[in-house]
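Student: Residue numbers (numbering that gives the first Met the number 0), protein chains in the order written: chain A, 0 to 352; chain B, 0 to 305.
It should be emphasised that the hints constitute simulated quantities derived from the structure, not laboratory data.
Predicted model only: the values in this text are computed from it and were never measured.
Some clues are possibly wrong.
Subject to a maximum C-alpha distance of 20 angstroms in a straight line, what follows is the list of computed SDA-like cross-link-like pairs (lysine to any residue) [stated by the list, open to error]: (1) A:LYS158 x B:TYR276; (2) A:LYS182 x B:ALA267; (3) A:LYS178 x A:GLU334.
Computed spacing ranges between beta-carbons, pair by pair [what the hints assert, rightly or not]: (4) A:PRO179 x B:ILE133: 37 to 45 angstroms; (5) B:ILE285 x A:PRO338: 36 to 44 angstroms; (6) A:LYS297 x B:VAL127: 32 to 40 angstroms; (7) B:TRP166 x A:LYS182: 29 to 37 angstroms; (8) A:ALA97 x B:SER55: 46 to 54 angstroms; (9) B:LEU52 x A:LYS297: 23 to 31 angstroms; (10) A:LYS297 x B:THR164: 57 to 65 angstroms; (11) B:TRP166 x A:ASP293: 52 to 60 angstroms; (12) B:ALA72 x A:PRO330: 55 to 63 angstroms; (13) A:ASP293 x B:VAL107: 48 to 56 angstroms.
Every residue gets a Cβ at the ideal spot worked out from N, C-alpha and C, and that includes glycine.
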Amino acid sequence: MFKVGLKIAIAAFSMLALAPVAPAFAGLKIAMVTSESGLGDRSFNDMMVEGMKKAEKDFGATYVVIQPRAVSEFQSALARAAGQGFDIIIGSSFDMIAPMKAVAAAFPKQKFGLVDVGPDPLGPNVVSTVTKDWEGSFLVGYIAAKTTKTGTIGFVGGKDIPIIHRFFVGYYYGAKMAKPDVKVIETYTGSFNDPAGGKEFTLSNVGQGADINFAVAGATSAGVIDAAKSSKTFAIGVDSNQNYMAPGSVLTSMVKRVDTQAYDMIKSVSDGTFKGGVVKYYGLAENGVAAAMDQYNKGLIADNVLADVDGLKAKMLAGAIVVPNYFDLKPGQKEMGTPPMATPPSVMNAKAP
Amino acid sequence: MDFDILNSAVRIATPLIFAAMGGVVTYQAGMLNIALDGFMIVAAFTAIATAYLTGSLTIALIGAIVASVLLAALMAVFNIRLRANIFIAGTAIIFLGNSLTALLLKGVLGQDGVFTSDRIPNFPVIRVPVVDGIPVLGALLSGHTILVYVAYLSVPLVAWSLYRTRWGLRLRVVGEAPEAAAAVGIDVDKIKFQAMLISGLFCGFAGAYLSLAYVTLFAREMTAERGLIALAAIFFARGNPYRTALVAVLFGGATALSVRLPQVTGLAPQLLQLIPYVVTVLALVIVGWRTTRARNRYGAWRFDLG
């Protein structure tokens with residue numbers, strides 16, 4: 000512990016000595032620390048910058064992007080930023096949990112924010128967020144069931160593990176809500192880094208009539224999208240906007256709106272409502288998840304389906320729809336969510352008592 | 000379900016056959032080449048990067064083979080010239096291949112994890128005129144890319160080179176009794192070096208097939224241990240090219256089946272995903288048993304793992 004403290008102190012001190020004196024702006028000063036993939040990743044980091052830009056416009060805030068080169072540099076980067084007196088330092092990714100905890104403990108007066116992590120609070124001066132990916136999956140499941148021409152849609156997961164089941168349950172629930180008689184094929188490739196395997200499973204689903212496949216499988220997803228392109232069907236991307244990977248073949252992507260989450264953190268600092276030690280949940284109603292729409296999937300989803308989405312949001316805010324979270328399901332539970340719907344058999348028995 | 004499962008099995012087996020043919024040559028030369036995955040991933044990356052930059056499949060294929068052979072040459076230098084343990088050298092080559100391609104993916108193509116682009120051409124699917132209409136045969140023989148045919152044709156080619164040429168005879172002698180080979184004036188190191196380069200050549204095809212024909216993208220570590228599966232096939236068949244290819248096809252069929260069975264049978268997918276690996280492990284057990292028996296019978300036969 001002492002060693003870590005010393006390291007931080009040295010890092011902070013060396014930066015204080017070198018630090019370019021912060022520009023004398025009246026507005027907020029924000030530091031964004033990128034996760035390992037850095038800027039230009041067309042994913043979380045780029046999306047977070049969008050949130051920064053919005054905050055810049057709305058609150059006259061200025062932001063600095065710090066790009067650590069590796070996970071091992073996260074702690075020193077955070078400590079350096081903490082030494083420079085930013086109003087809030089925002090990071091992302093699970094890899095940053097431990098470094099941010101350590102630095103936040105060493106700088107108790109500094110405000111921190113960590114986007115899209117787990118449900119555990121990280122410290123009295125840190126606010127963190129959990130993305131309700133099951134609500135995002137619900138949304139794309141709804142869209143898929145409304146869009147399918149064959150009445151069958153597919154799900155291609157990476158490993159057959161609880162965190163992926165959470166996506167499936169949401170997807171299934173949304174699909175059944177949109178169209179009770181829709182058939183949902185559930186598959187798991189068993190690997191997160193085998194695009195060829197992803198393609199194989201997707202083509203098998205297509206062979207069984209699925210014309211839309213939701214890919215929740217890391218790099219394997221790329222194979223699902225590739226299969227959609229070659230079989231003239233649709234894929235649905237996940238986490239970040241993957242529509243660009245095969246224009247016209249990716250129906251949409253279930254995106255985690257890390258930009259909204261980061262923006263809200265800055266907003267709370269701006270209006271003085273920042274409260275550390277809090278974990279905020281971002282679902283459909285909070286604009287924390289969305290179905291990505293851009294120039295690559297223009298016209299693929301009917302306008303009336305997109306219009307439904309707003310209705311769904313309103314119902315969720317009112318509590319008329321509660322998308323089931325896999326982790327809250329009990330073994331053998333026959334119905335799930337509000338309104339209640341039959342639990343898929345694969346899920347019903349998946350959790351051992 | 001129809002016969003699409005056959006088409007799928009042929010497709011899944013193709014990269015295994017390429018890699019296995021590369022492994023067969025080194026196996027016969029008495030080398031346990033575990034670096035097949037390393038050669039393949041470098042080839043897969045080079046294929047995608049070259050295809051993206053030049054737009055030419057021919058150049059991409061040549062590039063993939065050159066890159067893979069270069070890495071094989073490095074492996075050969077480690078193992079044959081510098082006398083490094085082949086297992087350690089192979090492990091190093093796999094790590095090098097995986098990390099180097101991940102680094103270059105970021106450095107050259109500016110992507111993290113996965114790269115794809117509309118600019119990348121891919122190998123077109125060939126529909127064989129008459130055969131395409133025949134139910135089972137059509138699914139087996141038609142609807143593949145050119146590389147699939149190359150893979151299956153490479154099996155008799157390798158078999159012919161090993162068993163019908165002077166070079167093949169020398170290679171097998173080097174593999175079975177290096178001292179005897181040296182005694183009759185065969186340049187053992189030279190033959191081993193050649194075998195390793197040929198291994199690289201086949202893995203070049205395997206990598207290019209994975210990234211440019213099977214799918215059109217590159218992802219980190221996308222070989223997903225196919226090289227090790229190929230090795231298992233080689234061990235099962237004890238280096239016989241035809242039987243090795245047969246095991247690869249068997250594995251392909253088992254995989255294709257395990258992809259489709261969960262929906263048909265309603266069984267847990269985990270159970271069915273075990274099939275290819277159970278088949279492989281069983282194969283290894285059988286071969287282990289057979290080898291022990293054979294060794295006891297012909298005491299002279301031995302395989303140098305070192």
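Student: Against each hint, give a clear statement of whether it holds in the structure.
Tutor: Hint check:
| no. | hint | verdict |
| --- | --- | --- |
| 1 | A:LYS158 x B:TYR276 | 16 angstroms, holds |
| 2 | A:LYS182 x B:ALA267 | 18 angstroms, holds |
| 3 | A:LYS178 x A:GLU334 | 17 angstroms, holds |
| 4 | A:PRO179 x B:ILE133: 37 to 45 angstroms | 41 angstroms, holds |
| 5 | B:ILE285 x A:PRO338: 36 to 44 angstroms | 55 angstroms, violated |
| 6 | A:LYS297 x B:VAL127: 32 to 40 angstroms | 38 angstroms, holds |
| 7 | B:TRP166 x A:LYS182: 29 to 37 angstroms | 57 angstroms, violated |
| 8 | A:ALA97 x B:SER55: 46 to 54 angstroms | 47 angstroms, holds |
| 9 | B:LEU52 x A:LYS297: 23 to 31 angstroms | 29 angstroms, holds |
| 10 | A:LYS297 x B:THR164: 57 to 65 angstroms | 60 angstroms, holds |
| 11 | B:TRP166 x A:ASP293: 52 to 60 angstroms | 57 angstroms, holds |
| 12 | B:ALA72 x A:PRO330: 55 to 63 angstroms | 57 angstroms, holds |
| 13 | A:ASP293 x B:VAL107: 48 to 56 angstroms | 26 angstroms, violated |
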